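Enquirer: Residue numbers (the numbering used here), protein chains in the order written: chain Z, 287 to 466; chain D, 287 to 466; chain S, 287 to 466; chain E, 287 to 466.
If you're looking for bench data, these hints aren't it; they were derived computationally from the structure. Do not take every clue at face value.
Which copy is meant is left open, so a pair is good if it fits within one copy or across any two.
As the list claims (entries may be wrong) - In silico lysine to any residue, SDA-like type, Cα no more than 20 angstroms apart, as pairs:
1. K370 with S431
2. K370 with L327
3. K370 with L355
Given the structure is predicted, the values throughout are model-derived calculations rather than measurements.
4 protein chains.
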Amino acid sequence: MSNVRTPDPYPGWLSPEDLHEARQRLPMMYVEALPVRVDTLGYVTELGLLLTASDEGEMVRTFVSGRVLYRESIRAALLRHLEKDLGPFALPQIPPSPAPFTVAEYFPSPSPSPYTDDRQHAVALAYIVPVTGECSPRQDALQLSWLTPEECLSEGVQAEFVGGRGNLVRQALAHVGWGR
Amino acid sequence: MSNVRTPDPYPGWLSPEDLHEARQRLPMMYVEALPVRVDTLGYVTELGLLLTASDEGEMVRTFVSGRVLYRESIRAALLRHLEKDLGPFALPQIPPSPAPFTVAEYFPSPSPSPYTDDRQHAVALAYIVPVTGECSPRQDALQLSWLTPEECLSEGVQAEFVGGRGNLVRQALAHVGWGR
Amino acid sequence: MSNVRTPDPYPGWLSPEDLHEARQRLPMMYVEALPVRVDTLGYVTELGLLLTASDEGEMVRTFVSGRVLYRESIRAALLRHLEKDLGPFALPQIPPSPAPFTVAEYFPSPSPSPYTDDRQHAVALAYIVPVTGECSPRQDALQLSWLTPEECLSEGVQAEFVGGRGNLVRQALAHVGWGR
Amino acid sequence: MSNVRTPDPYPGWLSPEDLHEARQRLPMMYVEALPVRVDTLGYVTELGLLLTASDEGEMVRTFVSGRVLYRESIRAALLRHLEKDLGPFALPQIPPSPAPFTVAEYFPSPSPSPYTDDRQHAVALAYIVPVTGECSPRQDALQLSWLTPEECLSEGVQAEFVGGRGNLVRQALAHVGWGR
Numbered sequence: 287m288s289n290v291r292t293p294d295p296y297p298g299w300l301s302p303e304d305l306h307e308a309r310q311r312l313p314m315m316y317v318e319a320l321p322v323r324v325d326t327l328g329y330v331t332e333l334g335l336l337l338t339a340s341d342e343g344e345m346v347r348t349f350v351s352g353r354v355l356y357r358e359s360i361r362a363a364l365l366r367h368l369e370k371d372l373g374p375f376a377l378p379q380i381p382p383s384p385a386p387f388t389v390a391e392y393f394p395s396p397s398p399s400p401y402t403d404d405r406q407h408a409v410a411l412a413y414i415v416p417v418t419g420e421c422s423p424r425q426d427a428l429q430l431s432w433l434t435p436e437e438c439l440s441e442g443v444q445a446e447f448v449g450g451r452g453n454l455v456r457q458a459l460a461h462v463g464w465g466r
Numbered sequence: 287m288s289n290v291r292t293p294d295p296y297p298g299w300l301s302p303e304d305l306h307e308a309r310q311r312l313p314m315m316y317v318e319a320l321p322v323r324v325d326t327l328g329y330v331t332e333l334g335l336l337l338t339a340s341d342e343g344e345m346v347r348t349f350v351s352g353r354v355l356y357r358e359s360i361r362a363a364l365l366r367h368l369e370k371d372l373g374p375f376a377l378p379q380i381p382p383s384p385a386p387f388t389v390a391e392y393f394p395s396p397s398p399s400p401y402t403d404d405r406q407h408a409v410a411l412a413y414i415v416p417v418t419g420e421c422s423p424r425q426d427a428l429q430l431s432w433l434t435p436e437e438c439l440s441e442g443v444q445a446e447f448v449g450g451r452g453n454l455v456r457q458a459l460a461h462v463g464w465g466r
Numbered sequence: 287m288s289n290v291r292t293p294d295p296y297p298g299w300l301s302p303e304d305l306h307e308a309r310q311r312l313p314m315m316y317v318e319a320l321p322v323r324v325d326t327l328g329y330v331t332e333l334g335l336l337l338t339a340s341d342e343g344e345m346v347r348t349f350v351s352g353r354v355l356y357r358e359s360i361r362a363a364l365l366r367h368l369e370k371d372l373g374p375f376a377l378p379q380i381p382p383s384p385a386p387f388t389v390a391e392y393f394p395s396p397s398p399s400p401y402t403d404d405r406q407h408a409v410a411l412a413y414i415v416p417v418t419g420e421c422s423p424r425q426d427a428l429q430l431s432w433l434t435p436e437e438c439l440s441e442g443v444q445a446e447f448v449g450g451r452g453n454l455v456r457q458a459l460a461h462v463g464w465g466r
Numbered sequence: 287m288s289n290v291r292t293p294d295p296y297p298g299w300l301s302p303e304d305l306h307e308a309r310q311r312l313p314m315m316y317v318e319a320l321p322v323r324v325d326t327l328g329y330v331t332e333l334g335l336l337l338t339a340s341d342e343g344e345m346v347r348t349f350v351s352g353r354v355l356y357r358e359s360i361r362a363a364l365l366r367h368l369e370k371d372l373g374p375f376a377l378p379q380i381p382p383s384p385a386p387f388t389v390a391e392y393f394p395s396p397s398p399s400p401y402t403d404d405r406q407h408a409v410a411l412a413y414i415v416p417v418t419g420e421c422s423p424r425q426d427a428l429q430l431s432w433l434t435p436e437e438c439l440s441e442g443v444q445a446e447f448v449g450g451r452g453n454l455v456r457q458a459l460a461h462v463g464w465g466r
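If we strip away everything but chain Z, and leave its shape as in the complex, we get (with noise of 0.2 angstroms):
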């Protein structure tokens, strides 16, 4: 933010410098989905992982996230980020309820949270979203897998995740009644 106070051409608007700033100084405000696939008794067959290269060149699993934005409605948030994340086919259905199945803090570490982001501490806001449709991520650097609840559960993926990620999958199947 600037301190030359004069009429802001795009309110709203946050440069990376004052991203960056922001960042250290409020908690920023995220959705996060769990893209899922269903039977027609809504029994979750499968949830979709993506696969990332982490800052540091590592591939790791995360699923559909990203930032809530000025004067966005957190529906707005999760339906823009899930088509960026799965292309514009994927037909997500939005649950009805604005309610999350959790809520999950993200601190730098150390983190009194399971949740760990050193850039920033971030409130993110969890669904479970079915999609029927077909998905094809739209940016290049990722690849989404569908894996099932034994799989998303399994010691190898669970390794995968970073921030604490692998907890948030276990806390969703839960949620979903899901037993091994």
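Let chain Z serve as the given structure and place chains D, S and E on it in line with the hints.
Expert: Coordinates of chains D, S and E only, in the frame set by chain Z:
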């Protein structure tokens, strides 16, 4: 149930007479589904209400509802009653989580809860179920109408519910964040 | 239930024999409570697990659990079973919302769900119940122990559950946001 | 935030001026608590509403509410605001689950949601918090009154809310199963 303890050719089956008796002795397990139309952001735009004749021959509003049978899962009971009342092409999206948005306890009047049912003590697990397909009630006596949240909360429509079900509609709309 | 349709002096009462029969024909309505100790911030620090003898004489872990009686409300059933198992000074805080955190469906094995009960088909509404008072199990055979979330999830303790109840503990801990 | 990038002696601290600017650019993270009195069965008997002066000098009803600070957990923010508004002896019972019963999105008017706040875009996680102790608002200007659910829903009281908060009370009461 018979006093004669011979092997039962129809385990899980209750004669009308025995069902009548069980209703005087045990709480009956029900599911209730509020079918909704949602937009791409997940906002509820319409609720599907059934119009049916009460035992007294009066036309009353109700929702998809019915008993859970012996060895039937909640999800299977939901799907069965949704198909019975909305037809085979409704494409109901049973929610991924087994937790109902509320539990409605129907008691013979006078009832300690807002819900009454003079035939029995019924405990209904209530779910909001988006439907995307075409609905055609299969039972002749039944009519399905799609009403906006405002219409559902109007005095006229609220007066057409019996047994306290108008309250359940208010709870469902509150759960999806609806505010007039 | 008797075939002789004389007026019943004990409406709502089921003989052991009739209850046995009903269990072959109808889903039975249960409540399950996971008593927890919480700190001032609401974090769960301990779960109260019961140690009891199974029908086979084995010691097994279980939670506060029991049937909902005819014309008994869910809340009254919860309080009754909590008092029976934790004593009259436990001061359980029944949650303000009637919605359970999950629904556990117990079926005679083989079961389509993670939960089994060979006596019956039981549908259990599961609640997390903070208790602040002193607990003294009233039933002689019963022992109550308070375990940390880590202990509850340990292999040793998980092996002491039967009927899939270890899964319900994992669901409860996930619901309260617990992550290792 | 300052343009001069010298080390900041108070990380996490925002000057009133910088907070004012951030409010034009980022959604602000809030918590809202509806303090309730419950009976031994968990039924809500009363809600605690605050009476406070709006910026225009009008007396308005509101609830315990406030910002989540940088590196502050949701639970810590809830407790801090509850203590600020209800005093140190209220003994609030922060719920074990981090999931709010609803999320209220306040936008500068005209708002796409039922909630408005002309100062900012605020996202409030809303919780129902039983309190068992004695409440004594510490801020001079503030008065706390305990109202029954019926009173909260009365036209008179509903007219005293601003920014759509009357709707949040209706949602809270629906969540706890209240039906008139």
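Enquirer: All hints, please: hold or fail.
Expert: Against the structure, the hints:
1. K370 with S431: within (16 angstroms within a copy, 36 angstroms between copies)
2. K370 with L327: between (28 angstroms within a copy, 15 angstroms between copies)
3. K370 with L355: For K370 and L355, the Cα distance is within 20 angstroms only inside one copy (15 angstroms; across copies 30 angstroms).
Going through the hint list in order, the structure satisfies each hint without exception.
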